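Q: Spelled out, the chains give:
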Amino acid sequence: MSDATPPAVITAAEVTHLAGLARIALRPDEIEHLAGELTQIVDAVARVRRVATPDVPATSHPLPLVNVLRDDVVGAVLTPEQVLAGAPAAQDGRFRVPAILGEEQ
Amino acid sequence: MAGEAELVRLTAAQLAERLDRREVSSVEAVRAHLDRIASVDPDVHAYLHVAGERALQQAEHVDRDRAEGRAASPLAGVPVAIKDVLCTLDMPSTAGSRILEGWVPPYDATPVARLRSAGLVPLGKTNMDEFAMGSSTEHSAYGPTRNPWDLTRIPGGSGGGSAAAVAAFEAPVALGSDTGGSIRQPAAVTGTVGVKPTYGGVSRYGSIALASSLDQVGPVSRTVLDAALIHDVIGGHDPHDATSLEEDWPSFAAAAREGAAAGSFEGLRIGVVHQLDGAGFQAGVRQRFGEALKRMAERGAEVVEVQAPNFEYALAAYYLILPAEASSNLARFDAVRYGLRVDPGDVTVEQMTALSREAGFGPEVKRRIILGTYALSAGYYDAYYGSAQQVRTLVQRDFDACFAQADVLVSPSAPTTAFPLGEKLADPMAMYLNDITTIPANLAGVPGLGMPIGLAPEDGLPVGLQLMSPAREDARLYRVAAALEAVLEAEWGGPLLDRAPALGLHGAGGTIRSTPGTAPAPGAGTEPDGGTA
Amino acid sequence: MAAPNATDVLLDYDEALAKYEPVLGFEVHVELSTATKMFSAAPNPAAGDDPAAPNTAVAPVDMGLPGSLPVVNAEAVRYSISLGLALGCSIAESCRFARKNYFYPDLGKNYQISQYDEPIAFEGSVEVELEDGTLFQVPIERAHMEEDAGKLTHMGGATGRIHGADAALVDYNRAGVPLVEIVTKPIFGAEHLAPQLAKAYVATIRDIVRSLGISRARMERGNLRCDANVSLRPRGETRLGTRTETKNVNSLRSVERAVRYEIQRQAAILEAGGSIVQETRHWHEDTGTTSAGRPKSDADDYRYFPEPDLLPIRPSAELVQQLRAALPESPTQFRRRLQADYGFTDSEFRDILNANVLVELEETVGAGAAPAQARKWWLGEILRIANARGVEPGSLVSPLHVSELIALVETGELTDRLARQVLEGVVAGEGSPEHVVKARGLAVVSDDSALLAAIDQALGEQPDVLQKIRDGKVQAAGAVIGAVMKAMRGQADAARVRELVLERANA
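Protein chains in written order, with our numbering: chain W, 20 to 124; chain L, 2 to 534; chain F, 21 to 527.
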């Protein structure tokens, strides 16, 4: 969460990187197009920085509630059929996915 | 017994009375609406899914209960349309996205469950911009909804389907969700009523999240009273939503009835937000807005101008907070547990997910996910997301200052009347500007109500007024809105929707398209509230 | 598949220590044993004994169904505060949850609800006792609440490991299990005892959470998981070296070995003029080596932001005070007290600590066994089996069952030898000792008539024995006793058999 000054232009390379983080296989034409659009949008929204002086606290929830907690009492669970009802692929009561290349987090 | 054509024009309150007196059955009411849907929805396309037989079965059940003296509530048997963003056990819930095509959730959203418990009968699921991202319903993966006032124009968004459904008499009432205006802006451009409750007033459980800190489910209707009746049913604390308020809410229907009966604004301080009274708004919008203020002032309201200088930054803050939260909320659509999977074989799970998201999301969703990912990414958090959260504080402070001077705040609900389909699709920033008046309420969590105040002289299309009150003071909105509605309808000689053009009816033979040319051209003399300054 | 770097060059440990100072850091994940999950009312598998069938303990939010929402488990918050206090931490006046965004199939929402800038507990210190009795203070940076992920099973490929698999299966039972992650500050000064400190630190955390009763803390079950950070810096250098993070270290013994291995591996690289890559490494129990995982990269841009579905938590001063007052003694105090109470010598006690069976021993005594007997079993047969299998003794059998076993020997229902067979059955999962005794038919034959019949038969086969005994050659009885025990298939009390044989001879 550093306070780097963001660049004025969002490049295709940056969109490619963001698409990787967001796991969307954008086509090259989409990447080009989005780079232009995002530059324009970011330029417009960057104005928030003008009034966001350090003395202003951040608000993450519109209404300031605290300590909303649940008692530790077991409730309903989904049936295995419900869990798997929408599964694109399943095997042995579990979801089946293609092999994983990356490492476990 | 009333004819079907008459049945669908009844408000929910009127229909409830007739059901209660057993002058009409729920089966008849539901069938009338299903027939109406069959005849006009091919043009309007308000629905993504129609419950059909299942709705009739549920209506039968309600009729039987009532016959046995066990009506679940005064609204039991009234049909209702559900925005597709809300999970429903017995109907697909797609949020307008290809990625969720055909997905049937294993639970009802809390507001839906409460409607069912009260005996209301879901007619179907209404169209929306994909994941509620949009102001025109053109971003639905299943094709746009058309504005019943002019089928070449947008019905607003994201909840264009719910608004069009009630405007086209395909449902008396509906549920919507409002993240930045998705209930109030469609209400404005379709001449209907829509309410975004206080954040936390209605449970978000089972509402497919767009931006968690902004989303709020609310009623869509043709009258203020109907909105209040639905709000009474769906509102209140829900332990499944940690942000749900534990309030003892007053009856909003009672507040609406009080307001309508009083028909006066004596002692009410109305604050006109200078920053939302925009130059650049359509002339007819400004004109009707001015006239509505005048009506209220004539009947005792004190109209004051109030300043909310930071509202100028609200749109920018919104288009950082929303994409940021959405980029995270929509990460779950990864083709692992549900939804569309694109698997060409011989790919890793990472590639499978990326290909599925590429195929399953539309351009606006991708745009906002990438924007949100950017706003949260390392190095830029403080500059973008952090700053936007600070602006949120400033907007709240502005509201506090305004509410110190006024009991309710008013603005036009939208800068323009309904614009032609396709007009703003290629220009995201122009589309985003549609929500300029509605966004501040979402940032601050305060309630907002949109209602019709006439037709713009230049195009004969509906204009909406937005009322806002302090958080938890939703009842105040219903009181004031019902009073204004009574005044305006008395002046118009009936509801504004009576002026809407008849929709082409689809018989067994084929389609009769309604075109702009067939709608009666608005003339100044016949305009509701027209030119009588 | 062999570890890809089975050919890692290692520097001699003493040489490595002579040239480099090891700096350690640990991230320990503790699965809490609350009845329900962190954010849903689904039953918490980490509280139970038996693994549930796949996807049978799943609520909508655990698998990230659209529209589902999390709600915080109040008990998990209390457990976390207690743990924070036991770690000597300050408890935050206000803390909040944040979303850690990354895609992985075992993460239903593709973000983990964790704590980032405002953890519930911070700035503490844990006293760790090394084998020689040295006390070492491990500085704690923070302890924060989060949720566990589901479980992946890799299909196909040679070994079921991630590499070479052609598919994976996902089970979300574990998704949403409440976790506390305990993060240390860099730990300096352990020097050649670094591996031992690593083991002792994790053991101490285990003892703390057990004594608090907030986790089952079974490392082999993943209730307690350790990521060990190791870096080296040349003697005299003040800047920290590049660190590696070794994951998948699932026993106390492995923690010690993994740290030692990393010290030797890194030292060899530095000695050869190379540099350390900042990366995740995976510990391989079978080969005793680590292998390179994913290097730290842009993919670690987790895009944290405050969780909008959850509100901040402000523990009241009263609650914190109440939990503080209820804290049990520290592991060090606990050990001192037990040694005194049980009357063990320093050397006896050290054996217990080294075998990591103190808590088990205490619970066994708590269940009614004599301390000496409890020690005999835990350090004897149980430890032998554990060593043979390379697991922790505590993972084999419960203290309650050990106590029952001891009671059966005390009452004479089992001989030591039979009891060892019963233990085998208990370890094999055949049930409680009583159950195994019945099922395997292992009770001592205490019916004298059956014994006498066997004795008479044996005497008949060895007619000279009686005369020898009468002649005073009592040791001749041994042959008969052996025959009787054989005939009874061991299920007789040898002492009683001897008595009866002598009675017969002198009758």
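To be clear, the hints were calculated from the coordinates, so they are not data collected in a lab.
In this text the structure is predicted, and so the values were computed from the model without any measurement.
Do not rely on the hints blindly, as some may be mistaken.
Said to hold, decoys possible - Sample of chain F residues at the chain W side, in silico, Cβ under 7 Å:
#1 Ala62
#2 Pro71
#3 Val91
#4 Val92
#5 Asn93
#6 Ala188
#7 Val190
#8 Tyr322
#9 Pro326
#10 Leu420
#11 Ser469
#12 Ala470
#13 Ala473
#14 Pro483
#15 Gly510
#16 Ala514
The beta-carbon is built from N, C-alpha and C at its ideal position, and this holds for glycine as well.
Q: Checked against the structure, which of the hints given earlier come out wrong?
A: Numbers 2, 8, 10, 11, 12, 13, 14, 15 and 16, in rising order.
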